[in-house]
Amino acid sequence: MRVAHLFVLGAFMASPAAAAQWMSCTDAIGEASFDYFIADGADFSVSAVTVTARERVWASDPANGPGDPILVGNFHDDVTLSFVDATDEARNKVAELKVFKATEGETTVYGGTLRIAGVGAWVVSCAPTS
Amino acid sequence: MRAHLLIAALLTTTGAASAADTYTCRSLNETDFPVTASFDLRHGDDGYSVPRAEMQIEGDMGYSTTPDHPSNGAFVSEIDVDDGSIRLVFHQTYDGYDVDVAELHVVTLSEGVYELTAGVLQIGGGGLWAIQCDIAYEHPLDH
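Protein chains in written order, with my numbering: chain A, 22 to 151; chain B, -17 to 125.
Read the hints as simulated data drawn from the structure, not as lab findings. Every clue listed holds true.
Below, simulated SDA-like cross-link-like pairs (lysine to any residue); rule was C-alpha separation at most 25 Å, straight line: (1) A:Lys114 with A:Ala49; (2) A:Lys114 with B:Val95; (3) A:Lys114 with B:Asp64; (4) A:Lys114 with A:His97; (5) A:Lys114 with B:Tyr96.
If we strip away everything but chain A, and leave its shape as in the complex, we get (with noise of 0.2 Å):
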């Protein structure tokens, strides 16, 4: 009985570390906009990621809206960073995003950048969308 009990508070405590959700990246003007799905989990994953550049869209679920297929790439998050990259099928990087956060109580603010090759780079803001 104590080791099922145990097992059911282990279950608990291995609970997501982190809900999953979409955060959105934006310019100021809404030229360019990299949105990407954090996975729940416990770790930092993204499993999907879709990025804009004026008329230009590339996605890589179709669910998530017509565009060009890229890939999720490498990705990283700390208490002051994230980035993610997104990729060809040949795994040539399409775009990447890099912003730094900042956390007062519960309240985050992400500051960075965006780079998409050959299209440009733009300074970007994030924010949950859901």
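Guided by the hints, dock chain B onto chain A, whose structure is given.
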């Protein structure tokens, strides 16, 4: 005449070696309390230093390292420069106690002819901002 030119060149070169890059930053998004920040980043033989820095919440509090500035008294306690990113931590002394008052973290991205610098600024008790910066470079003459 040649000696004068040589001396002038040496003086200019010496001055350039101690020149700093000036970063001028502002809040990225529309906000009720826009913020500005600026600092000089110097890279010398002994590493990086910040001889001047100031930040100001519009119509509100600010911090400065310049002695004759109205918001003087702050100092830069930590400088991390790594792979295009800069992190500065600001302290101020109140009643003999060192207090962490602000932190700035920016990254510079170069893309073709464009260069973008952006990040975040946190002012203790003041707020959080996404910021973007312009850089005025002062290159040594021998570059």
